[in-house]
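**Q** Below are the chains, spelled out letter by letter.
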Amino acid sequence: MTTIDTHSKRQPGWKRYAFANHFRNAEDEFDACKLGFWLFLATEILLFAGLFCAYAMYRVKFPEAFAAGSHHLDIRWGGLNTLVLLVSSFTVAMSIRCAQLDNQKWLRINLVITILCAFMFFFIKLTFEYIPKWSHGIRPGVLYSNPFAGHPQEPVWWSVYYGATGIHALHVLIGASLLLWCLYRSLRYKAYGPTHYTMLENSGLYWHLVDVIWIFLFPLLYLIH
Amino acid sequence: MNSLPLTLAQDAGLLEKLFFGGAGASPLAHYTDQVFLWILYFCIFWFVLLMGLMFYWVVKYRRRPGVPPQRSAHHNTRLELVWTIVPSVFLGAMFYFGFQGYITKLVSPTNAEVIDITGQKWDWVATYKNGVNPQEKVEIGGNTSAPVIIVPVGRPVQFRMTSIDVLHSFWIPDFRFKFDVMPNRYTSFWIEAEEPGDHWIFCAEYCGDRHSEMSAILRAVPADEYDATLARWWNETGALTPAQRGQRIATGMGGCIACHSINGSPGVGPTWKDAWGVEVALADGTKIPADDEAAWMNYVIESIRKPSAQIHAGFPSPSPMPLYNFTDEELGYLAAYIKSLSSKYAAPAETPAETPAEQN
Amino acid sequence: MQPHQSAAFDPNDPHGFAELGEHHGHHITSARTLVTIILVLVGLTALTVGASEVETYLTTEMGWLLPDWLNAAIAMSIAVVKGALVLMFFMALKYENPLYTIIFLFCMFAFALFLGLTGMEVDNRGHLYDWKKGVITEGGLGGSVMYPGATIHDDHAGTVTFAPDSFSGPLTEYLKAKYIAETGISEEEYHRRWAEANHVHDHTGVLSTADRSLARTGLSGALDTAGPDTDHGDAGHAEPAPDQPAGH
Amino acid sequence: MTTIPTPHDHGHHEGSYLTPPKGGFFAAVIQWATTVDHKKLGVMYTVAVLSLFMVGGLAALLVRVELWEPTRVVLNEAGEAVTTGQFFQLGKTPAENYTWYNRFFTIHGAIMVFLVIVPGVPATLGNFLLPLMLGAKDVAFPRLNLLSWYIYCTGALFAILSLINTGVDTGWTFYAPYSSSHAANTYNNVVLMTTAAFILGFSSILTGLNFIVTIHKLRCPGMGWFDMPLFVWAMYATSIIQVLATPVIGITLLLLIFERIFHVGIFDPAMGGDPVLFQHFFWFYSHPVVYVMILPGMGIASEMIAVHARKPIFGYRAIAFASLGIAGVGFLVWGHHMFTAMGELASTIFSALTFFVAIPTAVKVFNWIATLYKGSIAFNTPMLYALTFLFLFSIGGLTGLPLATLATDMHLHDSYFVVAHFHYVMMGGTIIAFIGGLHHWWPKITGKMYTEWVGMTGCIMVFIGFNVTFFTQFFLGTQGMPRRYASYIDEFQTLHQISTVGSMILGAGMFVQLGNFLHSIVAGKKAPPNPWGGLSLEWYADSPPSEHNFHHEPILTHGPYDYEDVYPPHCDPADFPLPEPLPAGAKHH
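Chains as they are written, first to last, in the numbering used here: chain A, 98 to 322; chain B, 32 to 391; chain C, -1 to 246; chain D, 175 to 763.
Do not take every clue at face value.
Stated by the list, open to error - Covered stretches of chain D (chain B as the covering partner; in silico rule of three or more C-beta atoms under 8 Å from a C-beta of chain B):
#	segment
1	265 to 276
2	548 to 558
3	583 to 594
The set of hints was computed from the structure by calculation and includes no laboratory data.
Predicted, not measured: the structure shown is a model, and the values here were computed from it.
Using N, Cα and C, we set each Cβ at its ideal position, and we do this for glycine too.
In isolation and in its complexed conformation, chain A is listed as follows (with noise of 0.2 Å):
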């Protein structure tokens, strides 16, 4: 994963990348960083793993609070979400599609497409549902102070859907973090292109693995009653 510099300055970076020492060749180091990284993915999928446990779990145990918790969330926000999540995991298929094809131009459009995407998912996240939840004092566990409960139990679902969505919201961020640096590159040393493009294709596997899980909380969290 070491740069190495073999070539001239004035050649775009995924031509001028080389590879670390201790691989036999390129083909072998991308080949070792994808596995890894799919590795990686399980992890991140059993992480999640947890807080769906919970959520079974609690479901069977208190089924009707959590279809009344459920009833505070709004479907419109949480769908236009998922199609946000959606669009964003296109768009940085395309990109690494574009990598693969070296047009640098649309591989910039997309990564920017996806990261806005990703910036609207976290806003709409925040600004219509975390913090008008969170005024209204529906919040998680002992901190709940909405009088309206529909449930004596509804502090549990707001525990599990503040734990899996709050976690889920922090890998946006980190994914998002992830894009940028890869625009940065991109933009700064045209760093991806066919020969090399590792970086971009890992920043995108992450990218689908946000999406992947949100595919999966939001039948959970919105529309099961």
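Let chain A serve as the given structure and place chains B, C and D on it in line with the hints.
**A** Chains B, C and D in isolation, oriented as in the chain A frame:
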């Protein structure tokens, strides 16, 4: 339900004495001992075989200069299959006998005598069918007030257990069984004592500072004596002074004396010895004046209802004291008891006619 | 162990990946595929939202009694399809080294074990004891027990209190009582505001299918005694009261 | 082994990885602090792990000494409360004594588990040896490896902070609701300690991920999957568990921290949560992680036995697959930590599944012992440790059987029997193998020989001390002594005192070993590249290895255990004679 697949040995053998210190106290405990010993024989057989081979070969094939190792097979599928399958059969048997013993101890006979056990930091509170609590305390290890829980001999007894704070585990080693005691959930198992005698009860799930003092005695008594004792306790507790009733609450279901000593020794909470009517400094700087009856009554009752409202200086805030749902009556009894422990208000001041209402 | 056959060394595949079925290569997914997938995904999102809306309409407006699991089953099936599409095409599992698919499936397997065995345990507690369904005499805090640790932070610096006093009963009961005491409104007015806050329409009096479900044996049998009254669907026009625990 | 030139071949000129840089002490510190060399990182991990092992060990000794006498509070004639058991008490008053005792066993458990045994072998010997054994220049992601080291340091820092700040008294298992709302006086410390464990999880994940990729992608030319040493197989199985199980403890501890701070009600029964759910979350990680602890120990044992008996390991594939089998079945059996808390159906299923894990473990032990048959068995410190490992691990494994059996476990659960059992597995297995492995590879790591007779003495002391300490505890447990007790009834005192004496011998043996290591660094003889006549690739490298491990990229031409056919490298063939060659056409197996 109580039929067992194994014959029961009544006398403790050498290994049983070595491991358990004696035979178990019930048929099911004998069963457990048998299962344990059979597993032990299995383990000893394999261990001696393996270690014997190991030491024999290590000595026989020790390295000698210039002598090469001998060629031998690098693997032997048939041998490997045998040593995989043969132990597996024994493992299956272990599972089966283990399951039998477990489920038999859990599923109690329908005619079992039910005793409610409530675990709390750091005391076992037993409540019998007729509502009385054990009245006798003994010293076990560092626990000076361990309750003596009596059970009838020859009659199945089911423990119905829950906790009011953290996890505990109700372990009677002589009956070879324990089960966790959890807040928000009831668990149970049953025993049947064979003959009269005392048995230890320990808490086996770590529950905080004085975990090691959370012990009790299980005393098996003849069934008629058991019935008579329960009846006697019931009669006794039916005619008590408020202070005595308070004492019953404090030492029984309230479990107050687990934290509040009655002899002046330090504890988690303030001692009750000579406490009533002596000026108390609170953590926030205010004082409870001495000899102000109303102020004291308010202070004590508020401290029980809202432990963190008024913190005695020098004790943790918020108070680690759990919340109890005492009735007003019971609070009065408790206050009367605490007052009776103060030498300022020695016995003459305490009349049986005094009721909580009058104290207020 | 056989002496290694050095003849097997292939300079083009020095690590012997070929024997494992691993292969290199960069698959370039066609734009047409990507566009198709995103369109399908958007369509499926619309479908799942629509299905949920229809389900709500049928239960609340038409009064149909749909099975409890139907809503969850439809939503989750669509989610699984969507997730699979993203994984296969956007994340290119379909075209890539099968090793990545194996990793993913392994991970799903671990997840399934975790969820399955935990759920199996949690759902099968105490089925042995009839007495657990009876009245519990002592102990058993249930979800309805007040929490003395409402004062949730304490250190040497001082105390930060989120819920001021200790309260009795569940947190939500405490909050309700406090609200009524502070605003001085009547019980009826409270219920009106409650229904408004919970988006409950007067003419239905139901929240959702889950409300009509039987009281469940949840994680703890002890909770059943303190379970909410789940029968207010019968009350017809009546305002649904916030669920009250029977105990305490 | 032959070699091939590679594009980045550095030739014969470079020095050993331990050669200090020009520029003196400061430059050396910078070089080590920023190194991405797996060997240097392995050494740094070793130093850290051994230091923390000492801290955890001292905590254990304090705990044992406190148990010399039971603590009692009695009223003297003047009516004052006084403490008996004055031999050694951790606190002045009984209450203080209990509090400190609880903190010390928690310190012991948390340090030993999260900071010593889990990262122990993979991060130390694994880091050092894995690339060498694969014939690679480094692990696949060297910078990630460095990051992983700093994450480990951060986690250790948090753990130490919580200890300095009076410690945690929850036990290393952090069971809710005690940890989430009742832990006495240790509000911030529970959060600190769980944060530490959370952070350490990431270090573990990154190391595991790195190893898997290294094994997949960086095996030297000619090395197929079944040409890898068994230590590498063990590391592979370990890494799979690390990657798949560790994230769950991450989310568990995160939820516990939330629970502790906000009482979110997921594990706390007072808010409607379920404390047993916490145990499920916790043991879903912590049971598989038991195999993270023991599998590397098994790997080390396989290496030591094969090298010092000069025999091809018996049933190579069986051992390799048993490692994977243990890793797989390990995910199915976490419930056996909770037999006394779970529903009946679950207990029954978990009990049955637990027995399955015994089978691959037993297969391994049989194979190791069969390997000794007709060998040429050297009698030196590593081999002594290997035999000690076999002895203690067999006891540890076999005493697991009554714990997997439901009827007997209901008696033995949370008693000293369990304590003894897992110390036989964790210490008698992993730590003994780890220390044995340190002796085995010490010449390779430091380039110095330790003193043989001191090593043997230490091993014998450890063996005796260990058995006196922990075998006694089996009897304590079956007789009714619960674990985590600061005090006990008088009947148990004799056994406790025997155990305490044993722990002193054990501790002394450990210090003998430590002194031996330190002495060898200062004044040890220079080690030859291959003192034991090993055949796996690390013995082809220099002692200590050069900066890029091998002077040329190796090509593997023989298996790691072909002791009957191949003369070991860098050795005098007369010292390691081979048996008569097989007649032409004869089959090997």
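**Q** For every hint, state whether the structure bears it out.
**A** Status of each hint after checking the structure:
{"no.": "1", "hint": "265 to 276", "in the structure": "holds (count 6)"}
{"no.": "2", "hint": "548 to 558", "in the structure": "holds (count 6)"}
{"no.": "3", "hint": "583 to 594", "in the structure": "holds (count 6)"}
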